[in-house]
Every structure is written in structure tokens, then in C-alpha cells.
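A.B. asks: Per our numbering, residue 13 is the first one in the sequence shown, and the count goes up by one each step.
Take the hints with a grain of salt, since some may be wrong.
[What the hints assert, rightly or not] Listed next, with one range per pair, are the computed distances between beta-carbon atoms:
| id | residue 1 | residue 2 | range |
| --- | --- | --- | --- |
| 1 | T61 | S120 | 32 to 42 Å |
| 2 | G81 | H113 | 18 to 28 Å |
| 3 | T154 | R59 | 43 to 53 Å |
For the record, the hints were derived by calculation from the structure and aren't laboratory data. C-beta atoms are modelled at their ideal positions from N, C-alpha and C, and glycine is treated no differently.
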Amino acid sequence: MNKQRFWYARPLVACWLVFALSACASEPAPTAHAPSPEHHAKKHAPRATSLSPAQLHRVMSSKGTALAGCYQVSESKNRSDAGSMTIEFEVGMDGRVSGEHVAESDLSDGVLGDCVLGVVRQTHFPKATAPTDVSWPVRFRTGN
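Take these sequences, add in the hints, and give me the full structure.
C.D. replies: And the structure:
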């Protein structure tokens, strides 16, 4: 019979120890309070979003004819060069392009690069709530 009492008393002692140890913890228990107005404004403010890849693709695809025109007036066409370049730029929240430059190119044609940058510079994108950094590959092929 004593064994049974001991068996039942054991969980009570364990529960009491857990309660006593948690009450002695060095960190104070969290208290509930109303969130500050700043916290509420931050939490419910619209998230800043940049342009989506689909939006970028839609706008840049519409520039295919102008980019092909750059190739037509370039020295690369006369040499039957095919190749690619990567253009980097930023689209501001107002949809305007800035900071455009040729990041990489396997075509050594300054006229082609300048023309492509001119097309990108004049491109207008949809407005966004955050700027968008863009790295856009452009491929040129000969008509053969």
C-alpha cells in the first residue's frame, strides 16, 4: 500500500518542482499591453513592392523592334556578328529608368551599346512602391 501512495505522490512532486522552477526564472513574465500607434501603423502600412518579372518582361518585350533597329544601324550587322549584352538599370518608383549601363557584352560595338542604352533610357515602366534593380540580357542574331 505504501508503494501505491508513493507512486501517486511522485507526479505531484514533479509538478510542484516544475512550477517552483518556472516561478524562479530570472526573466519576468510577459505582460499584455496595447500596441503603440507606431506599431499599428507599421503593421498595417502597405508593403513596398518593386516591379514583378512579368511587368518587366511585358515592357521590355515591347522594345524588341527598337532593339532590333539598333542592331540594323550598328557595325556588328556589317560584320555579321551575333552576340549578347547585359544591360543593368534601375526603375524608379515613378517608372523612369536611371543608372543604365552595359554590364557585359561579347560584342565590341560601341554604337550598338549606346543605341540600346538610349532605348532603355526612354522606356517607361508602371509605377511601383519601391525601386526595381534590373539586369536584362539582350541577344542579337544575324538574319542568316
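A.B. asks: Do the Cβ positions of T154 and R59 conform to the proposed distance bound of 43 to 53 Å?
C.D. replies: Holds, at about 45 Å.
A.B. asks: Does the Cβ distance between G81 and H113 fall inside 18 to 28 Å?
C.D. replies: Since G81 and H113 have Cβ atoms about 20 Å apart, the given range 18 to 28 Å holds.
A.B. asks: Could you say whether the range 32 to 42 Å given as a hint is met by the Cβ separation of T61 and S120?
C.D. replies: holds, 38 Å
In this structure, every one of the numbered hints holds.
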